[in-house]
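S.K.: With the hints as your guide, set chain B onto chain A.
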Amino acid sequence: MRAELPRQNPITASQYAAVSDSPTHETETYMYVYDEYDQRIIEDRVQQLRDKTGRYLAGELSEAEFRPLRLQNGLYIQRFAPMLRVAVPYGQLTSRQVHKLAQIARDYDKGYAHISTRQNVQYNWPALEDVPEILAELATVQMHAIQTSGNCLRNVTTDQFAGVAADELIDPRPWCEIVRQWTTFHPEFAYLPRKFKIAINGSTSARAAIEVHDIGLEAVYNAAGELGFRVLVGGGLGRTPVVGAFINEFLPWQDLLSYLDAILRVYNRYGRRDNKYKARIKILVKALTPEVFAEKVEAEMVPLRGGQTTLTEAEVHRVAKHFVDPQYKALDNQDFAVLDKEHPGFARWRSRNTLTHKKPGYIAVTLSLKPTGVEPGDITDKQLDAVADLAERYSFGQLRTSHEQNIILADVEQSQLFTLWGELREQGFATPNIGLLTDMICCPGGDFCSLANAKSIPIAESIQRRFDDLDYLFDIGELDLNISGCMNACGHHHVGHIGILGVDKKGEEFYQVSLGGSGSRDASLGKILGPSFAQDDMPDVIEKLIDVYIAQRTEDERFIET
Amino acid sequence: MQRIIKNNEVIDETWHLLPKDATLDGISNCDDLIVPLALWRDHSHYLKARDGGLGVWLDADEEAEEIGDDANQLQVIALNFPAFTDGRSYSNARLLRDRYGFKGELRAIGDVLRDQLFYMRRCGFDAFALRADKDPYEALESLKDFSVTYQAATDEPLPLFRRR
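Protein chains in written order, with the working numbering: chain A, 1 to 562; chain B, 1 to 164.
Excised from the complex, chain B in its bound form:
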């Protein structure tokens, strides 16, 4: 079973991530599912009526606005990093947290490596599914890389100049 980082701890993964081309065929009623945006857009009523937990994942070229004010109907929103060098999901994360007030779990998926976790957490991610070959216990250390930050972000609403 894959293990993920959530709220600064390594825990067992209990959610199932459905691929981008997933359909409703064979969807179980009680599993906790993270479905692709397109499936949720087309079948949100059906998906919400299930007994299992519901999350949606956005690819880097999909926009936070597509979930918008519906964000808090979801337990999990996962944002994909097709490559660690693709920074679009940082902006989607901030929009979901800061603009749409999403309170649930915001999870980084895809090419998630330890050097990026510090920035991700600042942008509102609280869960990290590291790339399969990476050790989540080691990655946990990188959340302590910096002890001071200049900018306001999701984790710290005040910029340093209002705190110094």
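With the rest of the complex left out, here is chain A:
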């Protein structure tokens, strides 16, 4: 393996903690704030898009010439209208940004937006001529749609509870931001064989699903107390689902960007380009074997190591100081026993939709965007405004989106939890189904997407209706049900405990069911049940599976374990 070079300025665990715990008063946003450089880059892009869209609409530019730019800017031509995908870097949003998203939904769309499984926000009905204006509006709140589509480096994702989870080793968000900047308009890797997704996990549990990403990075400390990353490559869903392989057990943090350059260079040069279904990095890693792939990366890394792209302590601190803790009060944890007893609905909601916070007296709350009868992840402009207001009043004006297509208020005072629950109920966000069967992941499917073989939203809805009885739902317990309308697997069906895949058989829509997938630390891919089923049969099929589980499970055995 590689020789360890002596390191200057290693960031040790205690130094890192010192940085993240020293609040600055420069900002009140507790997330990355653009400086003039960051702002100029997104404004340059708006100008470029405005020019191109104008020329395309005027007939001066052919679709073939417009396509490459639009495809690297989240602009798809869908069945009914263009779809615009807005980046929500690592799922972090401020109230101000969410109010802007609401206004765009109102002014340029049909009054709603969709939270995607990549933590991004999609608009399904914008007019093409409005897109430059939408992007200009987004730029006023430091948002963009750069590289949200196309065969390029996509949005970096992480744990939706980053920075507040009690089981966190480091806050992954500064590293996500550093990687985001490295990906933005990277000149060498703008035309990769296929799309490329990076996820970072800073916690001891596995909420970032790094195992199914093209590159997964996991924070780790070595024996000397220095921070580094375990590096996984070649995970992915889609047609050929694969759990990735670790190719480096300890990458010093200073080498992070150089190592990404090295991996991407190997992939850019040797990834297959003759067949788009075999073009993801997972196919290359498998063909070469992870060991040989790691050797190629290391060979590429030799001349890069120690170069100018080596990260500096100053840069990590510059970015990390934006992600300081908000001004938490010194509070004690609450005892909810009395409230729980008086309000069983509250107790049920609290048990499913909240997560322990690292600070006593605080709690992280998940707002369910999956009440029965609503397409998973859909949210109206009024609801967006409402969550932005709630975030302002209850959670320091910060929100997060999750890959399960929900919204999180991460810093709620426990003493306000009951009042918040009341408000969430009024707004329709208090369905206590987080992690349960009806909290499904679902792609837009054949109703919207031109790639889909089959509809997915009506399937989700019919299953939600069948399992609308909450007592039964709680009795079933933790269960991930994921639905994709085609092999591209946007609904992550391979890692659902129950996965449903829409297939086309002689022009008719059928559904294949798989069992036993998991996106957690013990990641596994589901096994397909024999036959495929018609749309109308799906609630019955799922119900039968659940009946078998209920009949056969031993006490406290989760569905995935049975």
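There's no promise every hint is true.
Residues from chain A shown here face chain B by an in silico Cβ test under 8 angstroms; the list is partial [what the hints assert, rightly or not]: (1) Q181; (2) E561; (3) T562.
Computed spacing ranges between beta-carbons, pair by pair [stated by the list, open to error]: (4) A:I528 - B:R99: 26 to 36 angstroms; (5) A:A58 - B:R99: 40 to 50 angstroms; (6) A:N275 - B:D42: 29 to 39 angstroms; (7) A:P531 - B:E156: 53 to 63 angstroms; (8) A:D274 - B:A22: 20 to 30 angstroms; (9) B:E156 - A:A127: 29 to 39 angstroms; (10) A:A64 - B:C30: 32 to 42 angstroms; (11) B:C30 - A:D51: 41 to 51 angstroms; (12) A:D537 - B:A38: 58 to 68 angstroms; (13) A:A58 - B:G68: 25 to 35 angstroms; (14) B:E156 - A:G306: 10 to 20 angstroms; (15) A:V141 - B:R162: 20 to 30 angstroms.
Rather than coming from a laboratory, the hints here were simulated on the basis of the structure.
Glycine included, C-beta positions come from ideal geometry on N, C-alpha and C.
M.R.: Coordinates of chain B only, in the frame set by chain A:
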């Protein structure tokens, strides 16, 4: 006569690009030639002894390592883009410039369109033979698409974090 972009200017093309299956038959002594990699590999001594200028072109599936340290024996290296979506030549460009220290003209050929020029220049290209139906004067504008860049690349050895 085709016109190309070189060093931010539109100039007349003076080089002759030989096809991939070219042989030594009928090669002139004094023309400036860009020959395919295979021909150069087999006949580099002969080609270097000619009076005319010498360049080599690599297809996207040919590797910069095949020229390697011999790069500076050439006046021009041209890298082909079979389709603008094929990004392999960006990596070849960076290897030729950054690893093998190539100082001559690095030229983009093939499906070269204006939206890609900014990235190409960052990777070390200084000459662009645009697709025949494209106007090089218009394409020149796209080199100004962005005023800030995050990454270190051939055109800017320091990443933004060492400059901000």
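S.K.: Double-check T562 of chain A for me: the hint is only fine if its C-beta lies closer than 8 angstroms to a C-beta in chain B.
M.R.: With a closest approach of 46 angstroms, the T562 of chain A hint is violated.
S.K.: Could you check the hint for me, namely that P531 of chain A and E156 of chain B are 53 to 63 angstroms apart, CB to CB?
M.R.: 58 angstroms Cβ-Cβ, so the 53 to 63 angstroms window holds.
S.K.: Within 26 to 36 angstroms or not, the Cβ separation of I528 of chain A and R99 of chain B?
M.R.: violated, 47 angstroms
S.K.: Given the range 40 to 50 angstroms, decide if the beta-carbon distance of A58 of chain A to R99 of chain B lies inside it.
M.R.: holds, 44 angstroms
S.K.: Can the suggested window of 58 to 68 angstroms be confirmed for the beta-carbon pair D537 of chain A and A38 of chain B?
M.R.: Taking Cβ atoms as reference, D537 of chain A and A38 of chain B lie about 60 angstroms apart, which means the hint holds.
S.K.: Given E561 of chain A as an interface hint, is its Cβ closer than 8 angstroms to any Cβ of chain B?
M.R.: violated, 44 angstroms
S.K.: Cβ-Cβ distance between D274 of chain A and A22 of chain B: within 20 to 30 angstroms?
M.R.: Given range 20 to 30 angstroms: holds, Cβ gap about 25 angstroms.
S.K.: Between the beta carbons of E156 of chain B and A127 of chain A, is the distance compatible with 29 to 39 angstroms?
M.R.: holds, 38 angstroms
S.K.: Taking the beta carbons of N275 of chain A and D42 of chain B, is their distance inside 29 to 39 angstroms?
M.R.: holds, 32 angstroms
S.K.: Determine whether the Cβ-Cβ distance between E156 of chain B and G306 of chain A falls within the hinted range of 10 to 20 angstroms.
M.R.: Given a distance of about 18 angstroms, which is inside 10 to 20 angstroms, the answer is holds.
S.K.: CB of A58 of chain A to CB of G68 of chain B, is that within 25 to 35 angstroms?
M.R.: violated, 47 angstroms
S.K.: Mind checking the hinted window 41 to 51 angstroms against the Cβ distance between C30 of chain B and D51 of chain A?
M.R.: holds, 44 angstroms
When each numbered hint is compared with the structure, violations occur for hints 2, 3, 4, 13.
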